[in-house]
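Need the complex rebuilt from these two chains, each delivered in its own frame; the hints are there to steer you.
Just so you know, the protein sequences line up as chains Z and D, in that order.
Count along the first sequence from 1, add 7, and you get the number used in the working numbering.
Count along the second sequence from 1, add 7, and you get the number used in the working numbering.
No lab work stands behind these hints, which were simulated from the structure alone.
Hints are not guaranteed to be accurate.
As the list claims (entries may be wrong) - Facing chain Z, a subset of chain D residues (Cβ under 8 Å, in silico): (1) Lys261; (2) Val264; (3) Glu267; (4) Glu277; (5) Phe278; (6) Pro285; (7) Glu288; (8) Ile292; (9) Ala296; (10) Trp303.
As the list claims (entries may be wrong) - The calculated DSSO-like cross-link candidates involving lysine-lysine, where the alpha carbons are at most 30 Å apart (straight line), are: (11) D:Lys105 x D:Lys194; (12) D:Lys235 x Z:Lys203; (13) D:Lys105 x Z:Lys177; (14) D:Lys235 x D:Lys198; (15) D:Lys198 x D:Lys145; (16) Z:Lys204 x D:Lys291; (17) D:Lys261 x Z:Lys203; (18) Z:Lys130 x Z:Lys15; (19) Z:Lys212 x Z:Lys177; (20) Z:Lys213 x D:Lys291; (21) Z:Lys222 x Z:Lys203; (22) D:Lys227 x D:Lys198; (23) D:Lys291 x Z:Lys177; (24) D:Lys105 x Z:Lys15; (25) D:Lys235 x D:Lys145; (26) D:Lys289 x Z:Lys38; (27) D:Lys24 x Z:Lys15.
None of these values were measured; they are calculated from a predicted model.
By construction, the Cβ of each residue, glycine as well, lies at the ideal position given by its N, Cα and C atoms.
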Amino acid sequence: MNVIDLTKTPLREVNQRLQSLSADSNERLWKLTNLHGEHACAVGLTQPIEVHVDGHIGYYCAGMNQEATVVVHGQCGMGVAENMMSGEVRVKGNASSAAGATGQGGLLVIEGDAGTRCGISMKGIDIVVGGSVGAMSGFMAQSGSLVVCGDAGSSLGDSIYEARLYVQGKVESLGSDCVEKQMTPHHLAKLERLLKKAGIDADPKKFKRYGSARKLYNFHVDNASSY
Amino acid sequence: MCGIVGLFLKNPSLRSKLGAHLETMLIGMTERGPDSAGIAVYHSPVADDRCKLTLFNPDTAYPWRNLAVDLGKALNAKTEATQKGNHALLVAQADEEKVLPWIRSEHPDVRIMGYGQLMEVYKDMGLPAEVAARYGLKNMEGSHAIGHTRMATESAVTTEGSHPFTPAADMCLVHNGSLSNHNNLRKWLRKNGQEFETDNDSEVAARYFAYRLSEGATLKEAMEAGLKDLDGFFTFTMGTKDGFAVVRDGIACKPAVMAENDDWVAMASEFRSLAYLPNVEKAKIWEPAPSTVYTWSLQ
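If we strip away everything but chain D, and leave its shape as in the complex, we get (with noise of 0.2 Å):
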């Protein structure tokens, strides 16, 4: 069982307060989820000629610092980490594409949590609560968040498994459900040039939908190409750098519960999470249906 939630704000004024939000989301999925939670928060863009990347190692002690610093050199740029939890936080004045190399060939032992220019994630193991005040959620702002509360039932709980699954840059996904054709489907979008991290079957979906969207599809065609292409059980939640999206598989078994108003819209698997959300009372609220794509855009 897990717990997923999503918040992505329209009206801009609300902004200083995403984390806030988010994290009153996230704690009220902590009995779908008391192992471990994951975040990911699109927030505190970086300027054009520089990208960020979230990173993990579970040594507390790992030398940050150092990282940065070898590659400022090995990429002449200018680098800086700053460690938060057993996560770091790396800008770089430099092209992803050159940094995501050079931290998987030096740096092994480092798992590249997500990367962009917006999108920060950040997993870990514990209470929801625990995690987000860790990691300082309340403090974030930002336009949209989405989260994800692990009850491990057939697996180790680490970091791994754990959601959001960020296949592209500032692109991430969290899946309650589970997937039937993953095999298939991974060997096909192996053979399409995509490569994969773990043996779980939510990165395959993830990487399906980075796949169609470097293909050219908009978030709405990618999702109903989901739609035909995944076999299984799904309640999806997926953000973009300016797009938020959710889809039900066709029985839609796996629950969701849908909010919005003007200012927000705003996705949990139960009602608990939305209810402390501003004006959610007169918010417009309902089951998102079967096989159906819902999407919001930013301005």
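Excised from the complex, chain Z in its bound form (with noise of 0.2 Å):
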């Protein structure tokens, strides 16, 4: 394993070298210490390589991600998983506001809380939250899946488009356009997948779905199978 101390080593370049990496490199096993919560940390990388962050983290860390693993082993400040396109991001502890904004894929697992606008304009990433999510989380959500274990804050789901929602606990409540959907076995089948894949514990036959009315937007049902 390679381990970067962040008093040794200045953030830009940490990113720049794990943004360099080789499809072939070997080195696939990273670890970084002393944040100090900063800011952007392992941002932008491309390649299917595993960081592990030590400690609680700034805004934006994971941004963008491709193919890597990042795991915080800690706290997270708000933007984490921003427009991620694919690999895993999880958060050991609580993220702050905004995770996983704009994500267009792969998985992101916040195994405490996430703060307000959870998910906000998702198109296609899947989130699993082990705690409770605050207000406005899918917020004009697109696509993708939101999973949320505990409760949900007020105005879940507004203005939301082909987003699927999934709450075990209470929801404050729903957002402009949101409504509750049946669970067929299709989406059952589909949450289970998804926790198991989070590896966390949950009864998928507790959880309620929510989803678009397809009032607010100008939905056909021709289009159903690009969302």
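Below you can see the structure in the form of structure tokens.
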């Protein structure tokens, strides 16, 4: 394992080093220590490497991730895994607001709670939250799944498009055009797969599903396959 | 853009380190506010029959000693002034209700940065590290402290518009955000006897909370009333003689992070400011929820 001490190497250098790894590099396992809440840590990774962020971290950690696995052993500031394309980001603690914002693919797991606007404008990412999410989560969510094992704050799924929201606990209120939907065997199977992939022990049958009433935006059934 | 920090010590054995910890927190907010910084520190209480004031004049050769002597003669009271940078700490064996009008009428060129029996307030230009060093923050003991770093985007870098705002004895407020109904609120507060020093929206918030507290509201009640009456974006951190409060508006787009353990509770705009607090690795860390009042009081 390569261990980098951030008190000795500036973050910019660390990010450049991780970003410039070649596809055939043997340096697959990394650990970053003494981070002291730096912003934009381990962003823009494009190779299937594994990076362990050893401590609490600031804004936009693991943003724009492709292929890599980033594990944060602590709490995250706002915008973790922002615009993630693929790979996996796992937060062992809590995450602040806008976790997984605009994410296009991959899996984001937050083992603790997430703040406000979790999964805002998500576009295909799967997000699994072990705890609760704050207000306005899933705002304008377009595609992908947001799984919440705890409760959801007010205005869940406001102005939602075709993303799927699964909540086990209480929903404080639903946002505009967001409604409870039937949990079909298809959705149940998908949820079960997601929970298993995220390594979170929860019974899919206890969740409720929410999604778009399709009254607020111009939904056309012929385009359903593209969501 | 601005940075705000606050630290409230629950464990009295940490009090000797209050200033040292606030200094690292303030320096953590350098990138959010490199132009100027302000601090309010609750420490070194004066005796019940005394009050202390933090005063400001940009001239570092200002005759603070003469001011203290003249005040002593006028009120027939013991007084003592200690200069710190372009500020001075004035302790007087008199009621603040007598000292404040005397300074305002006899020394209109002096700005009263804060007053009370505990709170000292210093606001100055420069990097947070420079301001902290200039006023000896590192060596200040105490129970709680609040700080602000400013990046001026729309107005001059002056002390007038700098935080913390100190609308009443031992009370201070820092604000990240902007209020949209401050003109109406200012009118309303003026009708209710509050006087204003600036046209700043944050001063309106500070005087609003001071007014609610003067009406008899608890810290929590005052903050909750503010959620109804204040319109705009805000993350507030407020200090009183024995209390500490944090509240954010319903949208909560101005950043805030909190950390708490058995020994202390801290808030900051970013985690960078909390990263060096003792045992922060094991502290509870979370983002304060929108429209939710968080308060702590000294036991």
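Each hint tested on the structure:
1. Lys261: Violated, about 11 Å.
2. Val264: It holds, given that the least Cβ distance between Val264 of chain D and chain Z is near 6 Å, below 8 Å.
3. Glu267: 12 Å, violated
4. Glu277: With Cβ-Cβ at 6 Å, under 8 Å, it holds.
5. Phe278: At 4 Å from the nearest chain Z Cβ, Phe278 of chain D passes the 8 Å test, so the hint holds.
6. Pro285: For Pro285 of chain D, the interface hint is violated, since the closest Cβ of chain Z sits about 14 Å away, which is over 8 Å.
7. Glu288: 7 Å, holds
8. Ile292: Nearest chain Z Cβ about 4 Å off; hint holds.
9. Ala296: Holds, because the Cβ-Cβ distance from Ala296 of chain D to chain Z comes to roughly 6 Å (cut-off 8 Å).
10. Trp303: Violated: closest Cβ of chain Z sits about 20 Å from Trp303 of chain D, beyond 8 Å.
11. D:Lys105 x D:Lys194: 27 Å, holds
12. D:Lys235 x Z:Lys203: 44 Å, violated
13. D:Lys105 x Z:Lys177: Judged against 30 Å, a Cα distance of about 56 Å means the pair is violated.
14. D:Lys235 x D:Lys198: With Cα atoms ~19 Å apart, Lys235 of chain D and Lys198 of chain D stay inside 30 Å; holds.
15. D:Lys198 x D:Lys145: 42 Å, violated
16. Z:Lys204 x D:Lys291: 27 Å, holds
17. D:Lys261 x Z:Lys203: The hint is violated at about 35 Å.
18. Z:Lys130 x Z:Lys15: 37 Å, violated
19. Z:Lys212 x Z:Lys177: 15 Å, holds
20. Z:Lys213 x D:Lys291: 28 Å, holds
21. Z:Lys222 x Z:Lys203: Distance ~33 Å between Lys222 of chain Z and Lys203 of chain Z Cα, so the pair is violated.
22. D:Lys227 x D:Lys198: Given that 30 Å is the threshold and the Cα spacing comes to 24 Å, the pair holds.
23. D:Lys291 x Z:Lys177: 23 Å, holds
24. D:Lys105 x Z:Lys15: 56 Å, violated
25. D:Lys235 x D:Lys145: With Cα atoms ~38 Å apart, Lys235 of chain D and Lys145 of chain D exceed 30 Å; violated.
26. D:Lys289 x Z:Lys38: 20 Å, holds
27. D:Lys24 x Z:Lys15: 27 Å, holds
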